[in-house]
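The lines below spell out each chain.
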Amino acid sequence: SPARELTQNPLQKTWEPYDNGLPAGHSAQRGVCMTNCPTLIVMVGLPARGKTYISKKLTRYLNWIGVPTKEFNVGQYRRDLVKKYKSFEFFLPDNEEGLKIRKQCALAALNDVRQYLSEENGHVAVFDATNTTRERRETIYKFGEENGYKTFFVESVCVDPEVIAANIVQVKLGSPDYVNCSNDEATEDFMKRIECYKNSYETLDETLDKDLSYIKIMDVGRSYLVNRVMDHIQSRIVYYLMNIHVTPRSIYLCRHGESELNLKGRIGGDPGLSVRGKEFAKSLAQFINEQNIKDLKVWTSQMKRTIQTAEALGVPYEQWKVLNEIDAGVCEEMTYEEIQENYPLEFALRDQDKYRYRYPKGESYEDLVQRLEPVIMELERQENVLVICHQAVMRCLLAYFLDKPAEQLPYLKCPLHTVLKLTPVAYG
Amino acid sequence: AWASYMTNSPTLIVMIGLPARGKTYVSKKLTRYLNWIGVPTKVFNLGVYRREAVKSYKSYDFFRHDNKEAMEIRKRCALVALEDVKAYLLEECGQIAVRLFLAKHGFPSGFCAAQGVFFVESVCDDPEVIAANILEVKVSSPDYPERNRENVMDDFLKRIECYKVTYQPLDPDAYDKDLSFIKVINVGQRFLVNRVQDYIQSKIVYYLMNIHVQPRTIYLCRHGESEYNLVGKIGGDSGLSPRGKQFSQALKKFIEEQEIVDLKVWTSQLKRTIQTAESLGVTYEQWKILNEIDAGICEEMTYAEIEAKYPDEFALRDQEKYLYRYPGGESYQDLVQRLEPVIMELERQGNVLVISHQAVMRCLVAYFLDKSADELPYLRCPLHTILKLTPVAYGCKVETITLNVEAVNTHRDKPSLNASNLPASQTPVRMRRNSFTPRASADTVKRPRHYSVGSKPLDLLGPLPSLE
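Respectively, the protein sequence lines represent chains H and V. Count the first sequence with UniProt numbering and you get residues 1 to 428, in order. Count the second sequence with UniProt numbering and you get residues 1 to 468, in order.
So that you can see chain H by itself, here it is in the shape it has in the complex (with noise of 0.2 Å):
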């Protein structure tokens, strides 16, 4: 049989064999790591090790990676269906009415997996509960196994009290189960809580668990444990929670200096600051110098107007050439107008999909966010860091953050001469 004729879808600017009986799956686009089958994290360890910080972080990477990821938090079951927390009680090992209730929400939750898994195109289930004996692992990892799902546990061992102290105050204090008490009594409850699950605690073992496929983390983050990754998500997995750490610090974004294009009008090019683009420029070195920052990195694009902007500061800084503007193709430096005036098609369906729209031999966000996910984890690896680049650039940077959906992301406020200060806290 013929090879099958190629059409250009006009948004994307794909080629697509058409569609002509042939069966379906043929072609499929490199997006990020395909998984033929779904995959089940399953989150392992005491209360206050983490395990949420885990599951939300890991979530919102996936996501932006492109990955359809949820997370599934058991904790959030039970309090759906037990109103009112009395108190630590409910988790002693002999309150049958409370594991009766415990194994309601964890099965509730499954069941939600599986809708989101199965029916509902989802790629990744973060599955977040204690699941800290061998009995309730092998009932989830059969359930994976039933519905066609690759299991993967994350472990999280912490024996550090002031770490486990620092938690349940970033964390636990403020949770719903403890809206009515004093801080003392919410850490003494806490406490109490933990105590309650330590005799029965199976630690993911070397040779029990051998056959499983598993990331047993240490410490923080001092040292790992990796069992049989299995696939590229679990090795992007691996290398994305060996990369992360909790040391506190900030991020700031920014724009370069208003450029001379900008103040034509005009998209894309490599032009050099305006006047008042080197005004911000000196406005970002006094804000910098006050701001007392211990060790700060400085990052650029390799574009003039963000190395000018870099220049002012009189710092060491790094360019990257991932870091630089989007690739407007053949709008290159044209003004909105002349693009809908030379391109109305173009100006159109950028408009019907701003996301996945890619220019005519440029880019898409889409393709943005692919190109930027190397700094992604080089900034989880760092720790102070001001990263001066672009709109569509620092929309992108901004959306990982701050766990903004695609749909959003083209739309995100960035705009010039203002500067944005992250600082990650609790689980945001």
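I should point out that these hints are in silico values taken from the structure, not numbers from a laboratory. This one's a predicted model, so the numbers in the text were calculated from it and none came from an experiment. Do not take every clue at face value.
What the hints assert, rightly or not - Derived list of chain H stretches under chain V, where covered just means 3 residues or more per stretch with a C-beta under 8 Å from a C-beta of chain V:
hint: 1; segment: 60-73
hint: 2; segment: 217-228
hint: 3; segment: 234-246
Stated by the list, open to error - Ranges between beta-carbon positions, derived for each pair:
hint: 4; chain 1: H; residue 1: Pro10; chain 2: V; residue 2: Glu347; range: 52 to 62 Å
hint: 5; chain 1: H; residue 1: Glu96; chain 2: V; residue 2: Lys164; range: 50 to 60 Å
hint: 6; chain 1: H; residue 1: Lys103; chain 2: V; residue 2: Glu161; range: 51 to 61 Å
hint: 7; chain 1: H; residue 1: Ser175; chain 2: V; residue 2: Ala132; range: 46 to 56 Å
hint: 8; chain 1: V; residue 1: Glu406; chain 2: H; residue 2: Tyr18; range: 23 to 33 Å
hint: 9; chain 1: H; residue 1: Gly66; chain 2: V; residue 2: Tyr378; range: 31 to 41 Å
hint: 10; chain 1: V; residue 1: Tyr57; chain 2: H; residue 2: Pro161; range: 54 to 64 Å
hint: 11; chain 1: V; residue 1: Arg412; chain 2: H; residue 2: Gln115; range: 56 to 66 Å
hint: 12; chain 1: V; residue 1: Gly296; chain 2: H; residue 2: Gly428; range: 54 to 64 Å
hint: 13; chain 1: H; residue 1: Lys142; chain 2: V; residue 2: Tyr57; range: 25 to 35 Å
hint: 14; chain 1: H; residue 1: Asp219; chain 2: V; residue 2: Gln168; range: 20 to 30 Å
hint: 15; chain 1: H; residue 1: Asp219; chain 2: V; residue 2: Glu347; range: 48 to 58 Å
hint: 16; chain 1: H; residue 1: Asp295; chain 2: V; residue 2: Leu230; range: 54 to 64 Å
Ideal Cβ placement from N, Cα and C applies to all residues, glycine included.
Let chain H serve as the given structure and place chain V on it in line with the hints.
Chain V alone, transformed into the frame defined by chain H:
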């Protein structure tokens, strides 16, 4: 920015493990990867030093831990090797030295502690894996020039026993808990990672966790001849010519004859590679990052047109083809950075056919065959030719298969160096200020250290143009 400048201080990677645990395999592979992404790396293999000191190997008795004379020789070799490591890192501006260091890990305390030290230990207790390793690489070692297989196996197993007596594996819970290391267990089934200090160690860990030793084959080829190829235009997004379509059919036949198990097929997002894949009638994946190098303002021009319209650019490119970036486009160096996720995924996969483009294919071939940045842009990757790569021992076996379909020749050799070719008003090559020129593992030419932008200015071909 790319990997090289991120590693401002040199790193010493120390391999640990009993013989036949894959240390040399991992060293060479890791070194090849690091050099390819632009981090100057070199291997210092103690076995080589020992073989120079003791001209002829007699038997495993040399390795007995109570053989005092041999111990002296081995210690001296270790110290000489360390001196060479120091020289490489400090004087030759290498970034990473990979040292094979066998059982004992008592490090000579005199060694400069300021450098980052990262240990890579390979632990294996599967006798089948060990036997396979011995057969694959030890039987052909210079130590065993004439022995038959059984004798070699026997002697080598006894050699391993000599080391086992004094082997102290890395102990993450107590003795070695402050060291930075990765313990690779049973050829990648399990990993223990401790105290990763920096970016380069993190990349090394990621790489080691993605490689495997399962036998498989990688096929690299370009799209079939395109309409633009016929008229000598570079870049663009043209379709296949009639001969190109012929090639696609021939490719399909070739693939079927190879009878490859679970073959994955990857293309770029440009029409010509997709059309080629369509003929195969199998599922394929499109990768945007496999697109041909972006020639910027020179897109869709012929070389003659470029020479006429942009003579300075044309001359610059021939001067430094690896680093040269087309205005508004890319350089080979940019391409390598862009292709890194492809390489990582190729390492993870089994049998793969990658249908790409000339510059892209050159970058991929350079990775697998350990070619330096100087050679990379001139590697021969003609149309209608398939490169079949099979990992073997410490490298890659290459087979070139020409499917008998005629095509134009798109290759340009490096023109002979002629001073009069260079334009009078020469601007310095537009190089990125903070990156190393990569080299293949065997390269020993001295290169100056580059500093992060803003610290020490770069001065390779004169001052860089001012930004004002």
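These are the hints, each one checked on the structure:
Residues of the segment 60-73 of chain H lying with their CB closer than 8 Å to a CB of chain V number 0, which falls below the three-residue condition for coverage. Residues of the segment 217-228 of chain H lying with their CB closer than 8 Å to a CB of chain V number 7, which satisfies the three-residue condition for coverage. For the segment 234-246 of chain H, the assignment as covered by chain V holds, since 5 residues bring a beta-carbon within under 8 Å of that chain's beta-carbons and 3 suffice. The given range of 52 to 62 Å is broken by Pro10/H and Glu347/V, whose C-beta atoms sit roughly 36 Å from each other.
A hinted range of 50 to 60 Å holds for the C-beta pair Glu96/H and Lys164/V, which are about 54 Å apart. The hinted range of 51 to 61 Å is satisfied by Lys103/H and Glu161/V, whose Cβ atoms lie roughly 53 Å apart. At roughly 54 Å, the beta carbons of Ser175/H and Ala132/V sit within the given window of 46 to 56 Å. Our hint of 23 to 33 Å for Glu406/V and Tyr18/H holds, since their Cβ atoms are close to 29 Å apart.
Distance hint check: the CB atoms of Gly66/H and Tyr378/V are about 37 Å apart, consistent with the given range 31 to 41 Å. Distance hint for Tyr57/V and Pro161/H: a CB-CB separation of about 56 Å, consistent with the stated range 54 to 64 Å. At roughly 58 Å, the beta-carbon separation of Arg412/V and Gln115/H lies within the given 56 to 66 Å, and the hint holds. Against the hinted window of 54 to 64 Å, the Cβ-Cβ separation of Gly296/V and Gly428/H comes to about 41 Å, which falls outside the hint.
Separation of Lys142/H from Tyr57/V is about 55 Å and departs from the stated range, judged on CB atoms against 25 to 35 Å. The hinted window of 20 to 30 Å between Asp219/H and Gln168/V holds, with their beta carbons roughly 24 Å apart. Evaluation of the 48 to 58 Å hint for Asp219/H and Glu347/V yields a failure: the beta carbon distance comes to about 30 Å. Checked against the hint of 54 to 64 Å, the pair Asp295/H and Leu230/V passes, with Cβ atoms roughly 56 Å apart.
Violated hints, in rising order: 1, 4, 12, 13 and 15; the structure is consistent with all others.
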